[in-house]
Amino acid sequence: MRWALVKVCLAVTTMVVVAFAVPLGLVVKEMARDRAFSNAEREAAAVAPALSITTDRDKLERVVASAGADSGMAVHLPADGARGALDLGRQRAADKDIAAVRRLGRASTTSVSGGSTLLQPVALGSGIAVVEVYVPESETSNGVGTAWAVLAAVGLALIVGSVAVADRLGVRMVRPAQRLVEGAHELGEGKLGARVPEDGPTELRLAAVAFNSMADQVVQLLANERELAADLSHRLRTPLTVLRLNAASLGAGPAADQTRAAVAQLEGEVDTIIRTAREAKPQTVAAGPGAGCDVAEVVRERMEFWSALAEDEGRKWRVAGVERPVRIPVARADLAAALDALLGNVFRHTAEGTAFAVDVHNAEDAVIVLISDAGPGIPDPDAAMARGRGSGSAGSTGLGLDIVRRLAEATGGDVRIGSSVLGGTEVRIWFQLDGRKPAGRGHRGSVRGRRRTAAAR
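Just so it is clear: in the sequence shown, position 66 is 66 by the working numbering, and no numbers are missing.
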């Protein structure tokens with residue numbers, strides 16, 4: 001906007017300067033020419049009284065010498081009965097031009113070598129004399145160059161001044177807009193305290209007021225949401241207490257131990273939700289170098305938990321890619337929750353005996369976790385990814401996939417749903433290691449391409 005305003009002002013000022021300076025320069029040139037010929041007319045008029053008194057050559061030569069010797073004056077007297085035509089001074093005009101002035105009886109100018117001449121007729125008793133006054137080219141352009149230089153300097157000063165004023169006005173307009181953009185970026189990055197000074201032009205000032213009001217509303221809405229999440233999570237403590245007491249009375253055995261471990265884990269998750277909501281601190285990405293968790297370790301741990309239920313339901317399962325540590329910038333608890341959500345979907349929405357698999361692929365800039373099954377698949381993957389919609393089957397809220405999606409996007413990655421090699425659904429979680437958004441990946445076709453690459457490894 002700033003440079004656009006400067007360019008417009010530069011173009012307009014240049015056009016105005018040209019429109020006024022060029023005609024004014026031509027007028028100055030014409031005035032200099034008129035001044036030179038006016039001086040020549042005065043010199044010619046000074047000789048006219050002497051011509052009406054005498055035609056003596058010596059006297060006329062003294063008159064011409066005193067009146068216009070420096071200007072190159074010449075006098076052409078007509079012939080009379082006693083003598084022929086008399087020419088005094090240096091003649092520059094052509095004979096035909098002098099004869100034309102005698103015949104017409106009015107003054108005229110004609111171009112000669114080095115300038116122009118003024119031919120002024122003077123009526124005498126014996127005929128018409130012609131006074132010739134030479135006007136050099138330097139006389140007709142005297143002062144024109146200086147005047148043009150002054151006009152050019154004034155025009156250039158006007159252009160520079162207008163550009164400077166336009167630049168200052170542009171800064172005054174652009175600076176509030178830049179602050180508004182910076183504030184929007186900060187708010188988008190999660191800096192809820194970002195505000196914009198309410199100054200500048202009226203329109204931008206109103207935009208700043210609207211932005212600050214919107215930011216205040218966002219802060220209030222997030223505070224209300226955190227309080228609601230904390231309150232809802234706190235309500236779960238009562239049924240969790242009952243479950244913990246009932247689990248304690250189950251006695252010994254693998255099933256009882258798993259139930260008590262699940263209840264303890266659920267209590268821990270509820271406590272984490274309450275603390276996070278109250279403190280308003282994001283728990284997705286662990287800060288600092290080397291922070292995060294080992295995907296392979298978390299996958300092995302969660303598969304050890306789900307393997308008991310898989311054996312009870314007669315499901316075949318497979319884990320691959322967890323032989324060596326694979327770190328990602330995600331908190332351990334969040335990754336475990338995401339895996340539990342996806343594996344829980346497999347057990348909840350596929351029949352008993354349906355096989356499933358978990359694969360971990362480590363690339364240079366990303367880590368891919370694939371959860372696939374041999375179930376009926378998801379007819380509408382886009383709808384399943386929408387928060388709160390789910391797959392459409394009974395008991396599906398859609399929040400599990402949304403949790404996984406937000407976890408992946410926090411690292412710059414994403415989540416895609418496609419068809420697995422087992423014949424059912426494949427959920428691919430892409431964790432970006434360098435924080436950049438992965439580019440150029442489609443929806444289903446991309447999943448198949450990545451699956452083929454992983455299988456080739």
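Rather than coming from a laboratory, the hints here were simulated on the basis of the structure.
Some hints here could point you the wrong way.
Unchecked claim - Simulated restraints on C-beta separations:
hint, residue 1, residue 2, range
1, G105, L26, 42 to 48 Å
2, S138, R106, 25 to 31 Å
3, N39, G105, 46 to 52 Å
4, T202, L24, 22 to 28 Å
5, A223, F347, 44 to 50 Å
6, F20, N142, 42 to 48 Å
7, E182, R260, 48 to 54 Å
8, A223, E267, 22 to 28 Å
9, S213, E267, 27 to 33 Å
10, F20, S141, 19 to 25 Å
Everything numeric in this text was worked out from a predicted model, so none of it was measured.
Don't be surprised by glycine CBs; every beta carbon is placed ideally from N, CA and C.
Verification of the supplied hints:
1. Take G105 and L26: their Cβ atoms lie about 32 Å apart, and the range 42 to 48 Å is violated.
2. One distance hint, 25 to 31 Å for the beta-carbon pair S138 and R106, holds here, with the actual separation near 27 Å.
3. Distance hint for N39 and G105: a CB-CB separation of about 23 Å, inconsistent with the stated range 46 to 52 Å.
4. Restraint check, T202 to L24: a C-beta distance of roughly 39 Å breaks the suggested window 22 to 28 Å.
5. Range check, A223 to F347: Cβ separation about 37 Å, and the 44 to 50 Å hint is violated.
6. Separated by about 23 Å at the C-beta atoms, F20 and N142 break the suggested range of 42 to 48 Å.
7. About 52 Å separates the C-beta atoms of E182 and R260, a value consistent with the hinted range of 48 to 54 Å.
8. Taking the beta carbon of each, A223 and E267 are about 26 Å apart, inside 22 to 28 Å as hinted.
9. A hinted range of 27 to 33 Å is violated for the C-beta pair S213 and E267, which are about 41 Å apart.
10. As the Cβ distance of F20 to S141 is approximately 21 Å, the hint placing it in 19 to 25 Å holds.
The structure is inconsistent with the numbered hints 1, 3, 4, 5, 6, 9, although it conforms to all the rest.
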